[in-house]
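Trainee: Take a look at the letters that make up each chain.
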Amino acid sequence: MSAEQSGSSTAVETPASGVMERFSYDDRIVRQFILATLVWGFVALLLGVFIASQLADWRLNFGISWLTFGRMRPLHTNAAVFAFAGNGIFAGIYYSMQRLLKTRMYSDLLSKIHFWGWQAIIVSAAITLPLGFTIGKEYAELEWPISIAITVIWVVFAVNFFQTIFKRRERHIYVAIWFYIATVITVALLHIINTIQVPVSLWKSYPIYAGVQDALVQWWYGHNAVAFVLTTPFLGLMYYFLPKAAEKPVYSYRLSIIHFWSLVFIYIWAGPHHLLYTALPDWAQTLGMVFSIMLWAPSWGGMINGLLTLRGAWHRVRTEPILKFFVAGLTFYGMATFEGPLLSIKSVSGIAHYTDWIIAHVHGGTLGWNGFIIFAMVYWMVPRLWKTELYSVRLANVHFWTGFLGTLVYIISMWVAGITQGLMWRAVDGTGRLVYPDFLETVLKIVPLYYVRAIGGGLYLVGFVIMLYNIYKTVRSAPADLKDDVVSAPRLTRNTIENLGKTPHRMLEGLPVVFSVLTLVAVGVGTMIEIVPTFLAADYVEANPLLKPYTGLQLHGRDLYVREGCYLCHSQMIRPIPSETLRYGEYSRAQESMYDRPFQWGSKRTGPDLARVGGKYPDLWHYRHMMDPREVSPGSIMPAYPWMYRDKTDFAIIQKKLKVMKSLGVPYTEVEVRFAEQQAREEAKLIADQLVAQGAPKGTEEKEIIALIAYLQRMGQDFKKGLIQ
Amino acid sequence: MSKSDDNDPNRKKSTQDSLESQPHHLAGHTYDGIDELDNALPRWWINLFYITIVFSLGYFSYYVMGDGPTLVREWEIDRGEQEIAQLSKPAGLKSVTEDELKLVLKDSTRKLAGQAIYQSKCISCHGAHGEGGIGPNLTDDHWIHGGKMTNLVKMVTVGVLDKGMPPWGTILKQNEIHSVVAYVKSLRGTHPAGAKAPQGDLVEQ
Numbered sequence: 001m002s003a004e005q006s007g008s009s010t011a012v013e014t015p016a017s018g019v020m021e022r023f024s025y026d027d028r029i030v031r032q033f034i035l036a037t038l039v040w041g042f043v044a045l046l047l048g049v050f051i052a053s054q055l056a057d058w059r060l061n062f063g064i065s066w067l068t069f070g071r072m073r074p075l076h077t078n079a080a081v082f083a084f085a086g087n088g089i090f091a092g093i094y095y096s097m098q099r100l101l102k103t104r105m106y107s108d109l110l111s112k113i114h115f116w117g118w119q120a121i122i123v124s125a126a127i128t129l130p131l132g133f134t135i136g137k138e139y140a141e142l143e144w145p146i147s148i149a150i151t152v153i154w155v156v157f158a159v160n161f162f163q164t165i166f167k168r169r170e171r172h173i174y175v176a177i178w179f180y181i182a183t184v185i186t187v188a189l190l191h192i193i194n195t196i197q198v199p200v201s202l203w204k205s206y207p208i209y210a211g212v213q214d215a216l217v218q219w220w221y222g223h224n225a226v227a228f229v230l231t232t233p234f235l236g237l238m239y240y241f242l243p244k245a246a247e248k249p250v251y252s253y254r255l256s257i258i259h260f261w262s263l264v265f266i267y268i269w270a271g272p273h274h275l276l277y278t279a280l281p282d283w284a285q286t287l288g289m290v291f292s293i294m295l296w297a298p299s300w301g302g303m304i305n306g307l308l309t310l311r312g313a314w315h316r317v318r319t320e321p322i323l324k325f326f327v328a329g330l331t332f333y334g335m336a337t338f339e340g341p342l343l344s345i346k347s348v349s350g351i352a353h354y355t356d357w358i359i360a361h362v363h364g365g366t367l368g369w370n371g372f373i374i375f376a377m378v379y380w381m382v383p384r385l386w387k388t389e390l391y392s393v394r395l396a397n398v399h400f401w402t403g404f405l406g407t408l409v410y411i412i413s414m415w416v417a418g419i420t421q422g423l424m425w426r427a428v429d430g431t432g433r434l435v436y437p438d439f440l441e442t443v444l445k446i447v448p449l450y451y452v453r454a455i456g457g458g459l460y461l462v463g464f465v466i467m468l469y470n471i472y473k474t475v476r477s478a479p480a481d482l483k484d485d486v487v488s489a490p491r492l493t494r495n496t497i498e499n500l501g502k503t504p505h506r507m508l509e510g511l512p513v514v515f516s517v518l519t520l521v522a523v524g525v526g527t528m529i530e531i532v533p534t535f536l537a538a539d540y541v542e543a544n545p546l547l548k549p550y551t552g553l554q555l556h557g558r559d560l561y562v563r564e565g566c567y568l569c570h571s572q573m574i575r576p577i578p579s580e581t582l583r584y585g586e587y588s589r590a591q592e593s594m595y596d597r598p599f600q601w602g603s604k605r606t607g608p609d610l611a612r613v614g615g616k617y618p619d620l621w622h623y624r625h626m627m628d629p630r631e632v633s634p635g636s637i638m639p640a641y642p643w644m645y646r647d648k649t650d651f652a653i654i655q656k657k658l659k660v661m662k663s664l665g666v667p668y669t670e671v672e673v674r675f676a677e678q679q680a681r682e683e684a685k686l687i688a689d690q691l692v693a694q695g696a697p698k699g700t701e702e703k704e705i706i707a708l709i710a711y712l713q714r715m716g717q718d719f720k721k722g723l724i725q
Numbered sequence: 726m727s728k729s730d731d732n733d734p735n736r737k738k739s740t741q742d743s744l745e746s747q748p749h750h751l752a753g754h755t756y757d758g759i760d761e762l763d764n765a766l767p768r769w770w771i772n773l774f775y776i777t778i779v780f781s782l783g784y785f786s787y788y789v790m791g792d793g794p795t796l797v798r799e800w801e802i803d804r805g806e807q808e809i810a811q812l813s814k815p816a817g818l819k820s821v822t823e824d825e826l827k828l829v830l831k832d833s834t835r836k837l838a839g840q841a842i843y844q845s846k847c848i849s850c851h852g853a854h855g856e857g858g859i860g861p862n863l864t865d866d867h868w869i870h871g872g873k874m875t876n877l878v879k880m881v882t883v884g885v886l887d888k889g890m891p892p893w894g895t896i897l898k899q900n901e902i903h904s905v906v907a908y909v910k911s912l913r914g915t916h917p918a919g920a921k922a923p924q925g926d927l928v929e930q
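So the protein sequences, as listed, match chains A and B. Quick note on this note's numbering: the first sequence kicks off at 1 and runs consecutively. Quick note on this note's numbering: the second sequence kicks off at 726 and runs consecutively.
Keep in mind the hints are simulated off the structure, nothing from the lab. Check before you lean on any hint, since a few could be wrong.
[Claimed, not checked] Computed cross-link-like contacts, EDC-like style, restricted to lysine to aspartate or glutamate with a CA-CA straight-line distance of at most 16 Å: (1) B/Lys873 to B/Glu929; (2) B/Lys846 to A/Glu441; (3) A/Lys502 to B/Asp763; (4) A/Lys244 to B/Asp866; (5) B/Lys898 to A/Asp438; (6) A/Lys720 to B/Asp887; (7) B/Lys879 to B/Glu929; (8) B/Lys898 to A/Asp485; (9) A/Lys721 to B/Asp887; (10) B/Lys846 to A/Glu631; (11) B/Lys910 to B/Asp866; (12) A/Lys346 to B/Glu799.
Note that the structure is a prediction, hence the values are computed from the model and not measured.
All chains, full assembly: derive it from the sequences and hints.
Mentor: This is the structure in structure tokens:
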């Protein structure tokens, strides 16, 4: 074994040939990951139904800070993507890779560290996100200590993963392993590059990127989190579990080669389609759009290879829930990967962006594809791992139909909501006026659909609970002794030209290190071409000496805006679309967010855009609005923020914040940094005094709401004052 | 698994059903019992891929390397058309006289329409009965920007940006603004509860 482990990177292994070796698979770790998948899946779905209900009825925010939508939504997305799907992926990878490579995992200890480390990260996310500790970038919210822990645990996983490949007893790596390799490499790349932060305190940090740069890096990350967490590993899992469950050969080896390489090469470029019509340079937007369109066929390659593998097994789909989940899952994948390129067309994005259409799109993928593949996998693995029979096939069928119906209700209601609202925003009458100038009117129109969506999500959750019961009963019937089976396979002989294979790709499959390096190159090209030019930001965001950075109080208020997750419902990016500039004013310029760390352009407008909200309303309006939005905006569905009127501003930290910002190149003077606290207190006093004059109660100067108002009133002012052209 | 593969009667059937040439199991491509076939790439699929690539090359060449308009340029063109549309509707620009507005004040239907607009747009700052709040009291005889109805029409149309009064001219039609101004004028002297202290100059009427 040790000789194998120390084998060179080209997998030249022991010279002995044909020696049979007996070994066992580590199935215990797979069982653990499956149980974690089920626990966190329940949490993620419950949170989803909860926040969906909050959008239907704002009272479900309860006026409690840590239960408010802005804090719960990041928890929902993190739980769904990294806890539910994450653990599901690990379960499937640990199960399949050992068998596909005919070897036990390299190290049981590393597997255990990976498992418990990952669960600890999830628990820490579940504690810190409701407390408002967040980086403020979607799907990358976890603050720097947890972010570092993710890196460490991922490296542990990667070492265990690659070492297992090196000690394999199968000369060539199967297509599932290719997809796992792409996942392990790219997720590390994405996570590390996107979350380089400079700490201010234990639970507060600023990104090294600002504004347009931060936006590009974030959506390069965000889009590829979808690609390399929710797509490539699932395609890999599909390539193992689908032929297993269908007991059919994979349809086309050729197709798997073409769609693997085209997928990993093209996916990485497509991130800017999240930023169409924004202040991102036009060329980057166009690249994002065209690569998204070219992604259509490679994505469908996986779907058709899966569906065609079922040839001759279709009659079994009628009776077997596992195959039903696969067929529906692949179909939802096909729908979502057609919808994705469609939404990336600029003019379609113009209607769909910021609306619930995008919510429909992502849930078609997560509920329909990721969820269903995990369910299929769990139903297939559990009886085998617990050496028993599934408790009830009937209940699994009920689960399928409940989940299927729930997914349809969810995505159809959100399609309707998104298109309705998108068209209402754009409606302009013959006199050149907005038909629905009141943003609120466009919200109230779709609130009934928010109820429908919550019902859809609720159905999906009911299906999941049925599965939990089914699995519980199955596991209860397992024998007490779950010893790992002993299997045997011949030791791998040294690679030679003859045994590596005839075609270049076949040879590559015997050389996993070369394969991995090529994968890194494939994802590296798009990364470099898109991200590096914007690092040379001077070309795109000209330095403007007229622009002053945020005052200390405004900066602190901005951090409160981030803490409360305002960006999850409000954008700060006015697009150059006539109806939009009519509603919000001139389109946003790149310079306007040059000091924004993190950028807060947002991705959804449950409420109106705020890029130019500064000066639009008096301070007193904001003061009343944040206390109870319905007082000044009847019918509003926004939560109230009463704690901001109780909690005191941490004036002491402001100096530290300015210091960190200054170290990142923000032009604060020495004096501004030295007297940061004093200046912030004076500014707060001024605002509080003016509020009193307008009729607000006295003694608010030390409260957080004052800092938030300072920030809100600053937004868009540089442009309004003509400092930006 | 490989055992069940070999014994599966359906596989033979499916192979016979297949319209394509007999797909063969690739020798040596067996992983944990999973075999691989080597069917040709579906023609429609590969064509789809080519079409998207050709489209993308063309699109990128035109919009990035060629003369294609930028998104901002397209916006400028669209906005220009919008402005022409606004200008071509003289209703939006017609000035109104005090006497015409007094007629609106006597028209109960128009006043009701004005009340509805007031309820949806104005009460958040001026109170449900014009008593004032974030904005000034509208029921007394004090006015900051002049007490004539024509003054009010102008003020509502262009707004008072410094104080947070939005320019309603981009949102409401002119006759709607006239209606709401008439309604506001009809609130004079109603002395609602919680009325805000007078602001601005006393206007003799």
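Trainee: Under the constraints set out in the numbered hints, which ones does this structure not fulfil?
Mentor: Hints 4, 7, 8 are the ones this structure does not satisfy, whereas the remaining hints hold.
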